[in-house]
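Participant: Each chain, written out:
Number of protein chains: 2
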Amino acid sequence: MTVNYESEKLLLRLWLLLHRVSDLLKTGEDRVLGEYNLTTEQFSVLVTIKYLGEPARPTVIARWLARSPNSVSMIVDRMVKAGLVRRVRDRSDRRVVNVFITSKGESALKPATQAAWKFIQEFPSPLPHESRHTLVNLLETVKHQALEYINPGVDIEAIMKNEAECHANLLEQLIRYISPSTSEAKGQGKRKVKTI
Amino acid sequence: MTVNYESEKLLLRLWLLLHRVSDLLKTGEDRVLGEYNLTTEQFSVLVTIKYLGEPARPTVIARWLARSPNSVSMIVDRMVKAGLVRRVRDRSDRRVVNVFITSKGESALKPATQAAWKFIQEFPSPLPHESRHTLVNLLETVKHQALEYINPGVDIEAIMKNEAECHANLLEQLIRYISPSTSEAKGQGKRKVKTI
Chain L
223 MTVNYESEKL LLRLWLLLHR VSDLLKTGED RVLGEYNLTT EQFSVLVTIK YLGEPARPTV
283 IARWLARSPN SVSMIVDRMV KAGLVRRVRD RSDRRVVNVF ITSKGESALK PATQAAWKFI
343 QEFPSPLPHE SRHTLVNLLE TVKHQALEYI NPGVDIEAIM KNEAECHANL LEQLIRYISP
403 STSEAKGQGK RKVKTI
Chain R
223 MTVNYESEKL LLRLWLLLHR VSDLLKTGED RVLGEYNLTT EQFSVLVTIK YLGEPARPTV
283 IARWLARSPN SVSMIVDRMV KAGLVRRVRD RSDRRVVNVF ITSKGESALK PATQAAWKFI
343 QEFPSPLPHE SRHTLVNLLE TVKHQALEYI NPGVDIEAIM KNEAECHANL LEQLIRYISP
403 STSEAKGQGK RKVKTI
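Protein chains in written order, with our numbering: chain L, 223 to 418; chain R, 223 to 418.
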């Protein structure tokens with residue numbers, strides 16, 4: 223029996239590919255970040271704290287990373303032990319815990335961010351700008367549909383808009399942070415900066 | 223300072239989207255499979271054993287799922303405890319362990335597969351066939367590049383060809399398995415079948 227399951231085959235390939243590509247990116251990232259003794263999770267937490275502004279609350283980090291507060295709390299525990307971040311109780315509200323990046327965390331973050339950015343530039347390198355744009359638009363549609371499935375009745379447009387704004391903000395800060403010509407001039411708090 | 227980082231913004235969006243879409247799919251899958259008391263990992267192992275043929279060796283399952291043998295071994299441990307699979311030593315070579323699906327595993331697998339397949343059909347539903355095709359092709363290019371980065375010097379074409387064959391085979395068996403008109407007629411081993 224030979225049946226032409228063209229559309230089913232395409233669906234399965236799409237589903238497998240979305241998982242496979244994300245897994246491959248994770249493998250690549252683990253390799254890149256491992257050079258700086260960071261796991262991908264730890265790096266994500268450091269980036270989130272850095273770019274969304276210190277001090278950061280674990281619940282806010284969790285929301286931004288789309289993870290459960292519990293899992294972020296466990297990652298932060300390990301990061302405290304590794305000396306990458308520290309937890310400090312808020313002076314005005316003792317129930318609130320703030321997370322800060324330590325100088326050890328800062329020293330790992332900058333070269334790791336540069337290396338990660340190089341990897342992010344590398345993996346879609348065979349695709350021309352126009353194809354990248356198409357890919358982004360198609361993935362946005364899939365994301366929208368998946369969000370609707372997972373959050374029935376929720377205003378998906380508001381979620382998408384909010385994420386887009388966060389990402390634009392992240393990008394601007396990222397470029398400033400890793401660009402040799404502007405990052406030092408901007409000053410990164412605990413870092414010794416040479417003003418120009 | 224306002225700089226137009228158009229291509230950088232696109233790169234970052236692409237990278238974030240690839241992760242985000244895969245995470246959303248995982249959340250959806252967890253929800254769908256949770257209804258059948260299966261984790262996504264357990265389901266992947268059952269599917270792999272089922273479609274690549276019983277008995278399956280843990281190292282083969284690991285290779286097919288692109289995971290480490292250790293992580294698959296831990297998943298199988300938990301699945302043995304949950305009564306979903308059993309480990310049996312090979313009669314001809316005592317060093318080899320084979321994994322079989324139990325009747326409890328079989329009973330969970332079929333409805334879970336049907337529900338998962340419904341989800342796989344749902345998330346790209348707003349995209350017409352042509353767009354799905356474009357998305358698949360673009361993802362294949364990204365996958366190819368990521369594979370080259372992770373495995374420098376390895377024959378990527380051979381990996382891609384092998385995966386494509388595995389997937390085609392998986393699809394054919396999947397359709398037979400979940401299609402009400404053919405699955406019973408094919409017979410599924412331990413299942414009581416009504417021939418037509």
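Since the hints were made in silico from the structure, they are not lab data. Any given hint could turn out to be false.
Identical copies look the same in the list; a pair holds intra-copy or inter-copy alike.
[What the hints assert, rightly or not] Listed below are the simulated BS3-like cross-link pairs for lysine-lysine, each with C-alpha atoms no more than 27 Å apart in a straight line:
{"id": "1", "residue 1": "K383", "residue 2": "K248"}
{"id": "2", "residue 1": "K248", "residue 2": "K231"}
{"id": "3", "residue 1": "K340", "residue 2": "K326"}
{"id": "4", "residue 1": "K383", "residue 2": "K326"}
{"id": "5", "residue 1": "K383", "residue 2": "K303"}
{"id": "6", "residue 1": "K248", "residue 2": "K332"}
{"id": "7", "residue 1": "K303", "residue 2": "K231"}
{"id": "8", "residue 1": "K383", "residue 2": "K231"}
{"id": "9", "residue 1": "K326", "residue 2": "K303"}
{"id": "10", "residue 1": "K340", "residue 2": "K231"}
{"id": "11", "residue 1": "K332", "residue 2": "K231"}
Participant: Please go over all the hints and tell whether each is borne out by the structure.
Facilitator: Okay, the hints, checked on the actual structure:
In this assembly of identical chains, K383 and K248 lie within 27 Å of each other by CA distance both inside one copy and across copies; the values are 26 Å within and 22 Å between. Taking the shortest Cα distances, K248 and K231 sit within 27 Å of each other both inside one copy (26 Å) and across copies (20 Å). Taking the closest pair of Cα atoms, K340 and K326 come within 27 Å of each other only inside a single copy of the chain (22 Å); across copies the shortest separation is 48 Å, beyond that limit. In the homo-oligomer, the alpha carbons of K383 and K326 never lie at most 27 Å apart, since the shortest distance is 35 Å inside one protomer and 45 Å across protomers.
Within a single copy, K383 and K303 get their C-alpha atoms no closer than 36 Å, and across copies no closer than 45 Å, so neither meets the 27 Å cut-off. In the homo-oligomer, the alpha carbons of K248 and K332 lie at most 27 Å apart inside one protomer (19 Å), although the nearest pairing across protomers, at 31 Å, exceeds that limit. Taking the shortest alpha-carbon separations for K303 and K231, neither the intra-copy value of 47 Å nor the inter-copy value of 34 Å comes in at or below 27 Å. Only between protomers do K383 and K231 lie at most 27 Å apart by alpha-carbon distance; the minimum there is 15 Å, versus 33 Å within a single protomer.
In this assembly of identical chains, K326 and K303 lie within 27 Å of each other by CA distance solely inside one copy; the values are 12 Å within and 42 Å between copies. When the C-alpha separation of K340 and K231 is checked against a cutoff of 27 Å, the pair qualifies only between copies, where the shortest distance is 14 Å, while the shortest distance within a copy is 34 Å. When the C-alpha separation of K332 and K231 is checked against a cutoff of 27 Å, the pair qualifies only between copies, where the shortest distance is 19 Å, while the shortest distance within a copy is 43 Å.
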